[in-house]
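**Q** Those protein sequence lines, which keep their order, are chains A and B.
So the numbering used here is basically just the index in the first sequence, starting at one, shifted up by 314.
So the numbering used here is basically just the index in the second sequence, starting at one, shifted up by 17.
The hints are simulated quantities; they were obtained by calculation from the structure and are not laboratory data.
Since we're looking at a predicted model, the values are computed, not measured.
Even glycine gets a Cβ: it sits at the ideal position worked out from N, Cα and C.
Keep in mind that the hints are not guaranteed to be accurate.
[Stated by the list, open to error] When the alpha-carbon atoms are kept at most 25 Å apart in a straight line, the in silico DMTMM-like pairs for lysine to aspartate or glutamate are as follows:
(1) A:Lys535 to A:Asp457
(2) A:Lys431 to A:Glu336
(3) B:Lys215 to A:Glu372
(4) A:Lys420 to A:Glu336
(5) A:Lys357 to B:Glu186
(6) A:Lys337 to B:Glu48
(7) B:Lys215 to A:Glu694
(8) B:Lys214 to A:Asp600
(9) B:Lys208 to A:Asp328
(10) A:Lys671 to A:Asp600
(11) A:Lys431 to B:Asp67
(12) B:Lys214 to A:Glu372
(13) A:Lys643 to A:Glu321
(14) A:Lys327 to B:Asp85
(15) B:Lys215 to A:Asp502
(16) A:Lys659 to A:Asp328
(17) B:Lys152 to B:Glu201
(18) A:Lys331 to B:Glu183
(19) B:Lys197 to B:Glu183
(20) A:Lys624 to A:Glu580
(21) B:Lys208 to A:Glu541
(22) B:Lys215 to A:Asp477
(23) A:Lys624 to A:Glu541
(24) A:Lys421 to A:Asp502
(25) A:Lys331 to B:Glu60
(26) A:Lys337 to A:Glu321
(27) A:Lys431 to B:Glu48
(28) A:Lys337 to B:Asp67
(29) B:Lys197 to A:Glu336
(30) A:Lys576 to B:Glu48
(31) B:Lys72 to B:Asp129
(32) A:Lys327 to B:Glu198
(33) A:Lys628 to A:Asp446
[Stated by the list, open to error] For each label pair, taking beta carbons as the anchor points, the in silico distance ranges come out as:
(34) B:Asn225 to A:Thr320: 36 to 42 Å
(35) A:Lys576 to B:His168: 48 to 54 Å
(36) A:Ser360 to B:Pro53: 22 to 28 Å
(37) B:Gly126 to A:Arg353: 40 to 46 Å
(38) A:Glu316 to B:Asn222: 55 to 61 Å
(39) A:Ser360 to B:Gln241: 46 to 52 Å
(40) A:Ser587 to B:Asp262: 57 to 63 Å
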Amino acid sequence: MEYFLTEEQQMIKDLAKRIAVEKIAPLALQYDDEGIFPRDLMKILSESDLCGVYIPEEYGGLGGGVLEMSLVVEEMSTACGGMTLAFAGTGLGTFPIIIFGNDDQKKRYLPDIASGKKLAAFALTEANAGSDAAGIQTTAVVDGDYYILNGTKQWITNAGEADIYTVVTCTNRAKGARGFSAIIVEKDTPGFSFGKKENKMGIRASCTRELIFDNCRVPRKNLLAREGMGFIVAMKTLDRTRPGVAAQALGIAQGAFSAAVKYSTERVQFGQSISSFQVIQHMLADMAIQIEAARCLIYQSCRHIDSGQKNISKEAAMAKVFASDVAMKVTTDAVQIFGGYGYMKDYPVEKMMRDAKITQIYEGTNQIQRNLIALEIIKELKS
Amino acid sequence: MNIVVCIKQVPATTEVKMNKDTNTIIREGVESIINPFDMYAIEEALRIRDRLGGKVTVMSMGIMTVSDQLREAIALGADDTILVNGREFAGSDTLATAYALSMAIKKIGAVDLVICGKQATDGDTAQVGPSLAEKLGVPHTTYVRKIEDIHDGYIRCQRMTEDGYEVIEMPLPAIITVVKEINEPRLPSIKGMMRSKKAIIAIWNAENIGADKCRCGLKGSPTQVIKTFTPVHDIKSESIEGSVDEQAFRVIEILSAPPAAK
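Based on the sequences and whatever the hints tell you, model everything.
**A** Here it is, written out as structure tokens:
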């Protein structure tokens, strides 16, 4: 389908596709199996200028937005949703600085992220603060020109690999969610360490760890926006990165679908290729319909966000929910079309089905997203 | 370091189709690409430039569509491109091609190093690089798999052989042709691709480079292609068994048999 991308967007998409085919696909199964973090892929993205597609030009990026980021994530995820996360997770850690950083913070951090020299991460989740993000217990207490951070963040993408962390902390317990503050913490800051690498079902080439803060002193100039704005920083960031999760889900679905179509024309049973059976044809048709619908919703949501609209939460959540549910359904059906072979690790769809699952969970579970969408709808009716 | 890389446009297939009447390559309907070996040449030039500074000029002789491949070279990071183009160059064999390229390189002036791929995937002659060196009167090394050192005035490289490699040192200016073992070519960058869209490709004809038209194109090409074919290696082998004496006897029998019977 023609999506009327600009020449530059098409260029970005084509180059990301080439990287997926030539550089990611040959390594995907091994990186998944051994849990290898894709440093080499980040070097390729850096040389190709793709690290900074969503970063303003004045800070060394290409000046694109959420759509450009999503195009890269989508294409790379067709080959491996896990390796892609080194890039996408960096986007999640960078958007708080793009949206809320002051000029000094932007100058300090964005050029190195745009050039691919440094990776970023975003830390909101804690053991007792998942869907209920207001339950954050990590504290930041002012001490002269510093904040003293104490607490543990959980399941942080790119943890240990990233150099720049946007951490949501509690600076005023009495104010609840209005007492949160987002603070940039650099790797190697004394008192900042990492927990063990998590052993995950999918996205295994992505690195997930705890962030442990033990009297970690961070300069007050690293505060994003103002004290008390932490929850807003988190929500506004997620509004811009949920289409990225959606794009990851879309890429995984597309990868599984392409593999299933190819396999169905090659696999012979009852003397003919299984693609000649109507039952398979209908499955393929349904997969294609869902994928295309997801792509339409994602691209249009991205354009809605990039155009500077004020209300973007509902659209971002819709894209994330729809695409991730599609990814789960499509990858499951792809495994079904492959039959017993699909259940084996020798074929790519088994991994894709495992990778798809997380997209329904992280950056806000699909249940929480539906709450959010419904509340927005009711709010619109009342206004 | 002023480096020139010579590239060739080739069909994007290893199964080249020939026109049986004219014995020329059928290019219609086949996507064109930069000769894969030339990609390694471009990459090596870019790496030397990135390390030592200077300029990489990518050059090709061919029809106007070759500018697509030259634009790709810019997307990869080349600073400048030249297309040697004109009706007078049509039908050039390797001798005429080397002559034309040598005249263009002379026009550029102070060139320290010329890099070519070891051969093109369509013609497979591997002649243009060495011929070019002869025309320019500079030393050359073929099958380079690694540049050990390059400084003002000399280059030391490893030349791949069937059972290892030789280390060869040459004064600059010089020409090397490279094999795929030398590096892993980079992908283009977005900024490079944007630059390549706007880039102006210099087009030089025979007059521009001061070439003698009698030495260009068909007129300057002594090579006549009578027939092209893929050689069939149909070697029959025999496993000799039995006692040592029996085996020796059979070997003598084979060796002493007249050629036709072998």
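**Q** Determine for every hint whether it applies to the structure shown.
**A** Cross-check of the supplied hints:
Taken as a hint, the Lys535 of chain A and Asp457 of chain A pair is honoured in the structure, with Cα atoms around 13 Å apart against an allowance of 25 Å. A C-alpha spacing of about 22 Å is found between Lys431 of chain A and Glu336 of chain A, which places the hinted pair at or below 25 Å, so the restraint holds. Between Lys215 of chain B and Glu372 of chain A, the direct Cα distance comes to roughly 21 Å. Compliance with the 25 Å bound is thereby established for this hinted pair. Using a Cα cut-off of 25 Å, the hinted pair Lys420 of chain A and Glu336 of chain A is violated, with the two alpha carbons roughly 33 Å apart.
Using a Cα cut-off of 25 Å, the hinted pair Lys357 of chain A and Glu186 of chain B is violated, with the two alpha carbons roughly 33 Å apart. With a C-alpha separation of about 22 Å, the suggested pairing of Lys337 of chain A with Glu48 of chain B holds against the 25 Å cut-off. Taking the CA atoms of Lys215 of chain B and Glu694 of chain A, the gap is about 47 Å. The hint is violated against a cut of 25 Å. Our distance criterion of 25 Å between C-alpha atoms is broken by Lys214 of chain B and Asp600 of chain A, whose separation comes to about 40 Å.
Taken as a hint, the Lys208 of chain B and Asp328 of chain A pair is honoured in the structure, with Cα atoms around 14 Å apart against an allowance of 25 Å. The hinted pair formed by Lys671 of chain A and Asp600 of chain A meets the criterion: a straight-line CA distance of about 19 Å does not exceed 25 Å. Of the pairs offered as hints, the one joining Lys431 of chain A and Asp67 of chain B holds, with about 17 Å between alpha carbons and a cut-off of 25 Å not exceeded. At most 25 Å may separate the alpha-carbon atoms for a hinted pair to count; Lys214 of chain B and Glu372 of chain A meet this at roughly 22 Å.
For the hint linking Lys643 of chain A to Glu321 of chain A, the alpha-carbon distance of about 33 Å lies beyond 25 Å, and the restraint is violated. A hinted pair counts as satisfied when its Cα atoms are at most 25 Å apart, and Lys327 of chain A with Asp85 of chain B qualifies at roughly 20 Å. Between Lys215 of chain B and Asp502 of chain A, the direct Cα distance comes to roughly 44 Å. Violation of the 25 Å bound is thereby established for this hinted pair. A distance of roughly 28 Å separates the Cα atoms of Lys659 of chain A and Asp328 of chain A; the hinted pair therefore is violated under the 25 Å criterion.
For the hint linking Lys152 of chain B to Glu201 of chain B, the alpha-carbon distance of about 30 Å lies beyond 25 Å, and the restraint is violated. Distance restraint check for Lys331 of chain A and Glu183 of chain B: the Cα-Cα separation of roughly 40 Å exceeds the 25 Å cut-off, and the hinted pair is therefore not satisfied. As the CA atoms of Lys197 of chain B and Glu183 of chain B are separated by approximately 17 Å, the hinted pair is consistent with the 25 Å bound. Between Lys624 of chain A and Glu580 of chain A, the direct Cα distance comes to roughly 49 Å. Violation of the 25 Å bound is thereby established for this hinted pair.
For the hint pairing Lys208 of chain B with Glu541 of chain A, the CA-to-CA distance comes to about 38 Å; that exceeds 25 Å, so the pair is violated. As the CA atoms of Lys215 of chain B and Asp477 of chain A are separated by approximately 36 Å, the hinted pair breaks the 25 Å bound. Of the pairs offered as hints, the one joining Lys624 of chain A and Glu541 of chain A holds, with about 23 Å between alpha carbons and a cut-off of 25 Å not exceeded. Annotation: proposed proximity of Lys421 of chain A to Asp502 of chain A holds, straight-line Cα distance about 20 Å (limit 25 Å).
For the hint pairing Lys331 of chain A with Glu60 of chain B, the CA-to-CA distance comes to about 21 Å; that is within 25 Å, so the pair holds. Only pairs whose Cα atoms come within 25 Å are accepted, and Lys337 of chain A paired with Glu321 of chain A is accepted, the gap being roughly 23 Å. A distance of roughly 36 Å separates the Cα atoms of Lys431 of chain A and Glu48 of chain B; the hinted pair therefore is violated under the 25 Å criterion. For the hint pairing Lys337 of chain A with Asp67 of chain B, the CA-to-CA distance comes to about 23 Å; that is within 25 Å, so the pair holds.
Only pairs whose Cα atoms come within 25 Å are accepted, and Lys197 of chain B paired with Glu336 of chain A is accepted, the gap being roughly 16 Å. About 24 Å separates the Cα atoms of Lys576 of chain A and Glu48 of chain B, which keeps this hinted pair within 25 Å; it holds. Pair hint Lys72 of chain B plus Asp129 of chain B holds up; C-alpha atoms about 10 Å apart against a cutoff of 25 Å. Between Lys327 of chain A and Glu198 of chain B the alpha-carbon distance is near 30 Å, which puts this suggested pair outside the 25 Å criterion.
Of the pairs offered as hints, the one joining Lys628 of chain A and Asp446 of chain A holds, with about 18 Å between alpha carbons and a cut-off of 25 Å not exceeded. A C-beta distance of roughly 37 Å is found between Asn225 of chain B and Thr320 of chain A, which places it inside the suggested range of 36 to 42 Å. In this structure the supplied range 48 to 54 Å holds for Lys576 of chain A paired with His168 of chain B, their Cβ-Cβ distance being about 52 Å. Look at Ser360 of chain A against Pro53 of chain B: about 24 Å separates their beta carbons, and that is inside 22 to 28 Å.
Checked against the hint of 40 to 46 Å, the C-beta distance between Gly126 of chain B and Arg353 of chain A comes to roughly 42 Å, which is consistent with it. For Glu316 of chain A paired with Asn222 of chain B, a C-beta distance near 41 Å fails the hint of 55 to 61 Å. As the Cβ distance of Ser360 of chain A to Gln241 of chain B is approximately 51 Å, the hint placing it in 46 to 52 Å holds. For Ser587 of chain A paired with Asp262 of chain B, a C-beta distance near 59 Å keeps the hint of 57 to 63 Å intact.
Consistency with the previously given hints fails for numbers 4, 5, 7, 8, 13, 15, 16, 17, 18, 20, 21, 22, 27, 32, 38, ordered from lowest to highest.
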